[in-house]
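Use these hints to put chain B onto chain A, whose structure you have.
Number of protein chains: 2
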Amino acid sequence: MNRQTIISEIRKKKSYLCIGLDSDASKIPSHLLSAEDPVFEFNKAIIDSTHDVCVSYKINTAFYESNGLQGWQSMEKTLRYIPNNIFTIADAKRGDIGNTSTQYAKAFFQSLPFDSITVAPYMGQDSVQPFLDFEGKWTIVLALTSNEGAYDFQYLSTAEGSTESQELFKQVIQKVSSWGSEENLMFVVGATKTAQLQEVRQLIPNHFLLVPGVGAQGGSLEEVSKIGMNADIGLLVNASRQIIFASSGEDFAIKAREEALKLQHEMAKYLQSK
Amino acid sequence: MNRQTIISEIRKKKSYLCIGLDSDASKIPSHLLSAEDPVFEFNKAIIDSTHDVCVSYKINTAFYESNGLQGWQSMEKTLRYIPNNIFTIADAKRGDIGNTSTQYAKAFFQSLPFDSITVAPYMGQDSVQPFLDFEGKWTIVLALTSNEGAYDFQYLSTAEGSTESQELFKQVIQKVSSWGSEENLMFVVGATKTAQLQEVRQLIPNHFLLVPGVGAQGGSLEEVSKIGMNADIGLLVNASRQIIFASSGEDFAIKAREEALKLQHEMAKYLQSK
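Just so you know, the protein sequences line up as chains A and B, in that order. So the first sequence is numbered by my numbering: it starts at 97 and just counts up by one. So the second sequence is numbered by my numbering: it starts at 97 and just counts up by one.
In isolation and in its complexed conformation, chain A is listed as follows (with noise of 0.2 Å):
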């Protein structure tokens, strides 16, 4: 999916909401365990209810990868049953040297025929190089991460010759932003970190950023929207918990709509000035 339609489905919508199918197998509504495959029918559900308010849906692999086959299995139904207006995100935070990255690549963009992928930065650039060489793919590369651990490396003051020092998440966006373009390269920046969303946005006017850490984690949608809205939106904000496991009874896709509508909502008023 290019920039331009991903931008007119928003404006569409209106909506730049991202729902995350972190579908722990654990936490699935108890009436849905006699089926064939629990986690599927979970999705299933999940995207019938929601497809409408969202433009995207981001698949975290780490919960289909415990589950084994069966597991990976449900990951790709359940990507083929996202409908084609929708931007998939294989939220797989993938990277390794050249020639291995090029299968991680495969994996994601031809076997499991995601539009985009999440990247690690830091074995550099022949790591996420093979991502961004697939044609009419995404690649989304880890900048500014949600969660506490991000104060451990990500905000380190770092130099290089003789240029002037700049936290190490600025360094991966001012380098990696030279290796792709706009129209296949996002960053991921949580919403729990809008004091430097507005460097980040000074560094990379226009990239679409991908905001996870609303909801669960904290972040807020207002925050996030004032500080990180470009003139094309350039922002796909990922809710995920919060949306998925809003009930875990029978009615947990009607409790799912009515979350991701109230982010949609307002998420309408945001765009209102676009």
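The reader is advised that the hints may include incorrect statements.
The list makes no distinction among identical chains, and a pair is therefore deemed to hold if it is satisfied within one copy or across any two copies.
[As the list claims (entries may be wrong)] Once the Cα atoms are required to be at most 25 Å apart in a straight line, the calculated DSS-like pairs of lysine-lysine come out as: (1) K110 - K358; (2) K271 - K365; (3) K123 - K202; (4) K173 - K202; (5) K123 - K370; (6) K123 - K173; (7) K351 - K271; (8) K358 - K140; (9) K365 - K108; (10) K358 - K322; (11) K108 - K140.
Just so you know, the hints here were simulated from the structure itself, not pulled from any lab data. Computed from a prediction, not measured in an experiment: that's the story for all the values here.
Chain B alone, transformed into the frame defined by chain A:
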């Protein structure tokens, strides 16, 4: 597998060789392609012919995920085929926020009963700790990788507060080593970076290091062994393509053994003095 068992296996076999099962389905000898599971048949033959000369197998998940469901199945069958006295590594380079890393730990320590997993450090402590919390398992954190891209971020001069500045990979080693112990934590240090290996040993004299990059990537086994070995050996040196793809004919397993033996003989020499 605990530290003492790893060390005694190394002494018994006179080998600290880890064989990387980077079993790229497109490179498998053609006579195996009619098998029900060519990748597993290939790995099985490699394991049969090399398990007495190595102490570890490293399964790089990328090469299996790129085959989708079938690949995941080949990985599981391969893992279960590896003899119990051999240390198994899921070279998966995972890492995510805490509750997600817990799912990855379940994937690679429970659903797939690996002894260890490689983990990327960028997201900090809560992304690494869930792996360390698994009793009897090992976490192998990326410090200085063997690829060219290592120069992009891992060598950046970093400072924190009033401490003296040092390269990022040293910050990673210092911080991460305080999260685990010599009994459950190893680091990846590429064989192509021997100039830094000595400094790594000053920071962590006792930890085991997983050293990729000998062979196809150009690292020297002699240098790595001279500089990196400690009183408990402290090294697992990996070779992948050089061994498993030594021949593309029907003799691939015989040739793989020959290549593995070359490395093992060299290792036996370096072990004599320990």
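A quick look at each hint next to the structure:
Taking the closest pair of Cα atoms, K110 and K358 come within 25 Å of each other only inside a single copy of the chain (12 Å); across copies the shortest separation is 64 Å, beyond that limit. In this assembly of identical chains, K271 and K365 lie within 25 Å of each other by CA distance neither inside one copy nor across copies; the values are 34 Å within and 44 Å between. In this assembly of identical chains, K123 and K202 lie within 25 Å of each other by CA distance solely across copies; the values are 15 Å between and 31 Å within a copy. In the homo-oligomer, the alpha carbons of K173 and K202 lie at most 25 Å apart both inside one protomer (18 Å) and across protomers (22 Å), since each shortest distance falls under that limit.
In this assembly of identical chains, the alpha carbons of K123 and K370 never lie at most 25 Å apart, being 38 Å within a copy and 52 Å across copies at closest. Taking the shortest Cα distances, K123 and K173 sit within 25 Å of each other inside one copy (19 Å), while across copies they are farther apart (29 Å). Taking identical chains as interchangeable, the C-alpha atoms of K351 and K271 are never at most 25 Å apart, the minima being 42 Å within one chain and 42 Å between chains. For a Cα distance limit of 25 Å, the shortest separation of K358 from K140 inside one copy, 21 Å, qualifies, whereas the shortest one across copies, 54 Å, does not.
In this homomeric assembly, K365 and K108 come within 25 Å of each other (Cα to Cα) only inside a single copy, at 14 Å, whereas the closest approach across copies is 69 Å. For a Cα distance limit of 25 Å, the shortest separation of K358 from K322 inside one copy, 17 Å, qualifies, whereas the shortest one across copies, 62 Å, does not. For the homomeric pair K108 and K140, the shortest alpha-carbon distance inside one copy (23 Å) is at most 25 Å, but the shortest distance between copies (54 Å) is not.
The structure shown violates the earlier hints numbered 2, 5, 7.
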